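Asks: Those sequence lines, one after another, are chains V and Y. Per the working numbering, the very first residue in the first sequence carries number 78; after that it's consecutive. Per the working numbering, the very first residue in the second sequence carries number 78; after that it's consecutive.
Hints were generated in silico from the structure; no laboratory data involved. Since this is a predicted model, take the numbers as computed values, not measurements. Check each hint, because a few of them may be wrong.
Since the list gives no way to pick out one identical chain from another, each pair is judged satisfied if it fits inside one copy or across any two copies.
To be verified - Okay, derived cross-link-like pairs now, DSS-like style, lysine-lysine, Cα gap no bigger than 27 Å in a straight line:
#, residue 1, residue 2
1, K336, K151
2, K295, K336
3, K458, K295
4, K458, K108
5, K381, K295
6, K381, K296
There are 2 protein chains.
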Amino acid sequence: MEIAVIGLGITRFGYFPGLSLENLAAEAVQKALADAGVGPAHIDLACSANVLASSLQQEFTLGQKILWELGIKKIPVLNLENACSSGSSAFYLTCLAVQAGAAEIGLVIGTEKMHLPGNSILSGAATGAAEAQAGFSVPALFALRANRYMHTYGATAADLALVAVKNRRHASLNPLAQFREPITTEDVLNSTPVAGPLTRLSCCPLSDGAAAVLICNKKRAKRYQSRPVYVAASVLLSGSYTNPPSLTGWEVDERAAAKAYAMAGAGPEDLDVVELHDAFTIAEIMHYEGLGLAGPGEGVRLLKEGATSLGGSIPVNPGGGLLSRGHPLAATGVAQIAEIALQLRGEAGARQVPGARLGLAHCMGGDLQGDARSVTVHILKK
Amino acid sequence: MEIAVIGLGITRFGYFPGLSLENLAAEAVQKALADAGVGPAHIDLACSANVLASSLQQEFTLGQKILWELGIKKIPVLNLENACSSGSSAFYLTCLAVQAGAAEIGLVIGTEKMHLPGNSILSGAATGAAEAQAGFSVPALFALRANRYMHTYGATAADLALVAVKNRRHASLNPLAQFREPITTEDVLNSTPVAGPLTRLSCCPLSDGAAAVLICNKKRAKRYQSRPVYVAASVLLSGSYTNPPSLTGWEVDERAAAKAYAMAGAGPEDLDVVELHDAFTIAEIMHYEGLGLAGPGEGVRLLKEGATSLGGSIPVNPGGGLLSRGHPLAATGVAQIAEIALQLRGEAGARQVPGARLGLAHCMGGDLQGDARSVTVHILKK
């Protein structure tokens with residue numbers, strides 16, 4: 078890819094009843110514009126990602142509404158939804174648009190408000206109406222996976238809880254994270270049961286927030302940003318929907334990672350920092366293995382050794398992850414990429430991974446037949 | 078652009094309570110695959126357009142669901158919404174993806190079911206909550222434009238009605254159209270009043286339906302299709318939201334058309350056939366002028382001369398238009414492009430424009446401050 082990230086902006090994630098989708102997005106976009114030192118008139122094309130506004134607020138073409146309020150007009154605007162990977166899919170698509178020459182500077186926005194009446198996303202179906210009626214909600218699906226993983230590899234609920242403890246420790250260093258108060262393994266195990274072994278603190282929260290990223294052709298990146306970060310790989314793939322599915326991992330993770338590593342000419346051993354889709358504690362461990370950071374069944378060992386903590390050999394979710402930074406659905410994928418860019422720029426403050434030169438952002442959306450509907454893997458380099 | 082259309086499929090548009098979104102899409106995709114002579118495994122990337130499924134059916138990542146049922150998996154899938162221009166925006170985006178080298182064969186799907194409980198799309202807001210409360214629904218907005226146009230240029234309600242009469246006559250020649258029984262000016266004027274001067278027959282209907290198109294790099298088009306059609310221009314732009322807006326036209330129409338004509342190296346005088354966004358009778362007349370088929374205030378004359386009828390110098394909406402083919406929102410933009418491709422292939426049957434070599438498809442989505450949120454213009458050539 079011939080693409081560079083030249084600007085980024087993230088809002089605080091949390092509970093913001095007084096802020097509209099447009100308010101949240103405006104803050105993120107204005108931060109990204111300021112970061113790149115460009116004005117609204119420089120934007121040639123925009124892609125806005127959102128999942129819930131149409132169902133909860135009867136809001137369509139949200140991107141145009143956001144941009145209108147910012148005075149960004151007369152350009153191609155696309156509104157994208159890809160479940161929890163909406164933001165990173167919007168990044169993927171905007172990279173293609175810039176690569177195809179349709180824009181010099183492309184804007185990617187991910188925005189979500191989840192604290193709204195009628196939001197049944199977590200109690201809703203993982204895969205379809207029949208599954209929902211049978212109680213097969215998203216947490217139940219991940220609980221099933223957790224039990225299978227524990228059974229297969231001898232992991233314990235306390236092992237899984239360590240993911241939440243680590244990511245909260247990272248979040249305590251991120252001023253924009255939703256939850257920053259450190260927690261212990263006992264806190265996780267003793268919090269409200271959701272679907273055994275998963276408790277409230279094993280599950281990502283409901284969050285409001287937005288994130289924005291500006292990209293351009295890498296040849297022109299230094300016109301706008303003295304510390305551009307380059308897109309070494311951009312991959313989006315859907316599942317293979319094999320039946321029966323593997324419950325201890327996602328085949329699409331491995332396929333997307335392999336494609337991304339090939340594009341980047343690098344392997345998992347070359348990575349300095351990773352942001353991945355820890356919607357539930359068990360998910361982070363399984364994604365370690367899917368991305369090749371650990372072998373099958375070796376994820377817990379990697380975690381317990383401290384390798385994936387800040388200070389370890391391959392810090393994962395330095396921003397706090399979905400579990401503690403928060404998970405405003407479509408904002409997440411953009412925020413992950415922005416966090417990796419910040420890390421590669423050496424601007425991640427107290428949570429900086431020293432000398433980070435190569436980073437990976439992984440996002441997953443939806444479930445179908447026990448497989449993911451959508452996985453993105455982006456590799457960024459300094 | 079280096080893109081060719083190599084396959085197309087359209088369902089009948091109408092009222093299909095027994096068919097799901099997936100059923101409708103499957104028919105369109107299977108027709109498109111058969112048309113190009115390729116199998117599901119040839120699809121490298123897909124973009125699915127839909128507007129209402131998330132709000133009316135709590136359905137997310139619809140594209141993956143449609144493709145799963147067809148055995149199309151492991152590929153990048155994007156779900157796009159751009160109001161009434163969702164389908165043509167998906168086409169725009171898929172062209173960019175193929176142009177960027179992300180896919181050899183790209184699939185564009187537009188699917189909509191509007192006959193569903195809770196569908197308030199037509200009584201809903203044209204621009205926002207305050208406007209909706211004030212009764213400023215979509216038909217009211219177009220009625221306001223119609224009155225302004227009639228006042229400015231001396232047109233009559235009977236003049237506007239001729240659009241509905243013409244497009245119904247065209248639809249009578251299209252076996253897939255929703256309404257095929259010829260109507261008269263009196264029928265239009267005497268049908269149920271909606272928002273004066275617009276009556277029921279002056280407004281597009283609620284429709285269910287789907288359409289699909291397959292594209293690939295033009296260099297490889299003949300491997301798949303003996304009669305490929307080439308994309309000479311692909312343009313997507315949002316409004317300029319000027320205040321006060323012009324009520325007798327859309328500035329973005331002119332801007333999008335000018336850009337498309339420049340890309341194609343052609344002008345309105347070179348076109349043989351046009352599909353445009355006749356959501357209401359008045360809209361067709363104003364789009365004649367926006368696309369440069371007629372000068373300001375000259376649209377009614379063009380219509381009354383018969384120039385835009387089949388047999389005239391520049392037939393518009395040979396497929397029956399939104400008014401009579403029907404308007405399943407996200408399916409429309411894809412069906413328009415498919416209709417133009419059929420015309421250029423000489424396969425449009427009783428509604429064929431003889432010798433058509435250059436055609437244009439125009440689609441418009443959403444309204445904001447009296448401007449369109451999104452306009453697409455695609456020019457296809459033989």
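Asks: If you test the structure against every hint from before, which numbers come out violated?
Replies: 5 and 6
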